[in-house]
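**Q** Just need the whole structure built from these sequences, with the hints factored in.
So the chains spell out like this:
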Amino acid sequence: MTLKHSSTKKSFLLASTLLLLLACSEDEKQQVITKTKLVMQEEFDGNGAPNPALWSFDIGTGNNGWGNNEQQYYTDRPENIVVEDGMLKITARQELYLGSSYTSARILTKGKFEQKYGRIEARIKMPWGKGLWPAFWMLGANIDEVSWPQCGEIDIVEYLGNQPTKVFGTVHGPGYSAGQSVSKTYTLPNSRFDTDFHIFGIEWGENYINYYVDDVLYNQITPADVEGEWVFNQPFYIILNMAVGGNLPGSPNSDTSFPQTMLVDYIRVYE
Amino acid sequence: MKNRKINYLGKTLLLGLVLITNLNCERDLSDEAIDATFAKTAEVFIDDFVGMGSDFYFPYGGSKATAWSVDNTEGYNSTSSMRIDVPNANDPEGSYAGAILRVDGAGRNLTDYDALTFYVKASQGVVIGEFGFGEDFDQNKYMATITNVSVGTNWTKVIIPIPDASKLTQERGMFRYAAGSQGTNGFGYTFWIDELKFEKLGTIAHGQASIMNGNNISETTFVGVNSNVEGIISTFNLPNGLNQVVNLSSAYLNYESSNPAVATVDATGLVTSLSTGTAVITATINGVDATGSLTINCVGTFVHAPEPQQNQANVISIFSDTYNNVPVNYYNGYWQPWQTTVSNDFSVNGDNILNYTIFNFVGIEFSSPTVDATAMTHFHIDVFIPGPIAPGRELRVIVVDFGAGGVFGGGDDTRHSTTFTAPTLVSQNWVSIDIPFANMPNLASRSHLAQIILEGGDGSVLYADNIYFYN
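Heads up: the protein sequence lines correspond to chains A and B, in order. Using the UniProt record's numbering, you'd call the opening residue of the first sequence number 1 and step up by one each time. Using the UniProt record's numbering, you'd call the opening residue of the second sequence number 1 and step up by one each time.
No lab work stands behind these hints, which were simulated from the structure alone. One or more hints might be untrue.
Some, not all, of what chain B presents toward chain A, calculated at C-beta under 10 Å [what the hints assert, rightly or not]:
no. : residue
1   : Lys200
2   : Thr203
3   : Ala205
4   : His206
5   : Gln208
6   : Ser210
7   : Asn237
8   : Leu238
9   : Asn243
Now the in silico label distances, taken between C-beta atoms and shown as ranges [to be verified]:
no. : chain 1 : residue 1 : chain 2 : residue 2 : range
10  : A       : Val146    : B       : Ser78     : 57 to 63 Å
11  : B       : Asp289    : A       : Asn47     : 22 to 28 Å
12  : A       : Gly48     : B       : Pro337    : 39 to 45 Å
13  : A       : Ile33     : B       : Gly152    : 42 to 48 Å
14  : A       : Ser251    : B       : Phe58     : 41 to 47 Å
15  : B       : Gly214    : A       : Asn47     : 30 to 36 Å
16  : B       : Gly125    : A       : Thr36     : 54 to 60 Å
17  : A       : Asp265    : B       : Val288    : 21 to 27 Å
18  : A       : Ser251    : B       : Thr37     : 48 to 54 Å
19  : B       : Thr357    : A       : Ser101    : 35 to 41 Å
20  : B       : Gly152    : A       : Asp265    : 29 to 35 Å
21  : A       : Asn47     : B       : Leu242    : 35 to 41 Å
Computed from a predicted model, the values in this text were never measured in an experiment. Note that the Cβ used here is the ideal one computed from N, Cα and C, for glycine as well.
**A** As structure tokens, then:
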């Protein structure tokens, strides 16, 4: 999420890996999930700001639009982020605010909840429109010591508002970040991510990360898939945000209707 | 394609069984069974026509009727498609290609689908004017059309969202197209269509509509006046993330009046004012509020102008419901650059009224042909000013003769202007104005009368009725 995704070469490689796995499986149906012991749940059941015991805010425009020329100013105002109706609502608005043309929000569990391995999933309804770029993702908890991309980044789900049927899951690490990151797109058949809630998750263990959407396991990434050091055998923290504009999604256009809200029903972590 | 055909047959057989069973039991058909006889067939053309019957192609007037054919050498993943040869603009058989494809027989039930889709390619890159469905040359009740569709030289899929499929319980209008050569310097081209069918994509979302072009419009009316919800447009987000504008019939929307005692609205957006008060007309599409509204300010019972008493034989009428009117070029010439006057003419229980709003001046022309009023002695007009009459307010009535030349200008035009002020001018009452030609000395002739001009407006409203010459 911090930088660009995608590498088609990798996708082919991954696809063959997956096929191999499937072929080797004795089960008729591959297990999407195996970890079922709930160790953390954020149900967003309160009212008001996100629980400060779990969440911090990133405020402002970061360095160079959070590294991506993003156009939004992140605030902690209820107009941009609020817990109500049993969910977290991150709302991107078109407004002039401290020099930016858009506002939105980004929260993180850094120093408050950090997890090594497990099944980490969220139930999310996406926004729509060109330029909107919501994400549910993780960064290595050692980012302040080793910096990015050495700390590692696991993008559990990213979505672009002008591709309403697609999401993608990605890992970034040393030697395979930004344009060289390892990513795969999942396309929803006969529906869209902005009309209903869907579950986005990973099952993550030593030397593997499995990506799923609802009941579909669509990717597995292992050390064999990355051209560099595997940096995912350590704790990570969780981030939720909605960016507006920037290198990956491009700017909103006249068809983008604001405000746009990303709805998060829950985040659950299992071991 | 073949599978689908078989399915269609299967359903028909099933229905046949239901019918037979019912007949054997000597029971009446239930309503459900009757509904079910409207086929849910999705396909229109998949390498060949599906369930269209034999007489289904109806070209538009002025289009080249032979532009359309079935091409057995081209197709999307096949060797068959519909082929449209758009003629050159100067083709004597028709300057464009356009038609509807209407089921020859009972309509189809399209409520399970959310789009009409097809593959299209053209002999050159072109922008094709209109693709749509829902036109049946009867009520055209549920037309939906996308316009200016960019078509390349390789097969691409086109998606026309169904604005509200729940309305399409027995639709006969399966497809419509109109393609001209405006963008190709008047030269023809060819395009092909294949895999034309209704689909449930599940990936069309965020349907939104507007009425009154998305504005909140107010209209002053009287009891019995009809107004129309207009400026209707809809937008749907396609699976590729682009917004597609769909032009649609008004009946796709559902309308509501905030105060049905004041004004009602029917399923087609026709509003009828019933009593004094205010009612806001709004609309929804698929349960989503449309932007824009029409506020009806009904100011009560309309006071009609006095009924004219002359005999038709003694009258040359320009505008009245009592007499036969002569041909009139226009009741508002929108003369630029200084005219502000806009026409919002209305009808109250069959009485048509000229309604000039933002009135400063306006010209009425009846020059084709001009009027010979030599046998007439007077000019008559009834005017009604709803607003207050400011001190010094004038209404000037100008009668114009185009002279022997019979055309505007030419050096022989003459005119006479008659000025009216208070107390003749009053507010909220009809003012009947009669001007004898004897009192129009500047009008040299009345054998080629061609215009009536009203001047002296203050930017408010003026109604006019019963404009005629008489003796």
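**Q** All hints are to be evaluated individually against the structure, with a verdict given for each.
**A** Status of each hint after checking the structure:
1. Lys200: At 8 Å from the nearest chain A Cβ, Lys200 of chain B passes the 10 Å test, so the hint holds.
2. Thr203: At about 5 Å, which falls below the 10 Å cut-off, the nearest Cβ of chain A leaves the hint on Thr203 of chain B intact, so it holds.
3. Ala205: The hint holds - Ala205 of chain B has a Cβ within 10 Å of chain A, the shortest such distance being about 5 Å.
4. His206: OK, holds: His206 of chain B within 10 Å of chain A, min 6 Å.
5. Gln208: 8 Å, holds
6. Ser210: 13 Å, violated
7. Asn237: Hint on Asn237 of chain B: holds, closest Cβ of chain A at ~6 Å, below 10 Å.
8. Leu238: 9 Å, holds
9. Asn243: 4 Å, holds
10. A:Val146 / B:Ser78: 57 to 63 Å: 58 Å, holds
11. B:Asp289 / A:Asn47: 22 to 28 Å: 27 Å, holds
12. A:Gly48 / B:Pro337: 39 to 45 Å: 59 Å, violated
13. A:Ile33 / B:Gly152: 42 to 48 Å: Taking Cβ atoms as reference, Ile33 of chain A and Gly152 of chain B lie about 45 Å apart, which means the hint holds.
14. A:Ser251 / B:Phe58: 41 to 47 Å: 46 Å, holds
15. B:Gly214 / A:Asn47: 30 to 36 Å: With a Cβ separation near 34 Å, Gly214 of chain B and Asn47 of chain A satisfy 30 to 36 Å, so the hint holds.
16. B:Gly125 / A:Thr36: 54 to 60 Å: 56 Å, holds
17. A:Asp265 / B:Val288: 21 to 27 Å: 23 Å, holds
18. A:Ser251 / B:Thr37: 48 to 54 Å: 52 Å, holds
19. B:Thr357 / A:Ser101: 35 to 41 Å: 40 Å, holds
20. B:Gly152 / A:Asp265: 29 to 35 Å: At roughly 42 Å between Cβ atoms, Asp265 of chain A and Gly152 of chain B fall outside 29 to 35 Å, so the hint is violated.
21. A:Asn47 / B:Leu242: 35 to 41 Å: 37 Å, holds
Consistency with the previously given hints fails for numbers 6, 12 and 20, ordered from lowest to highest.
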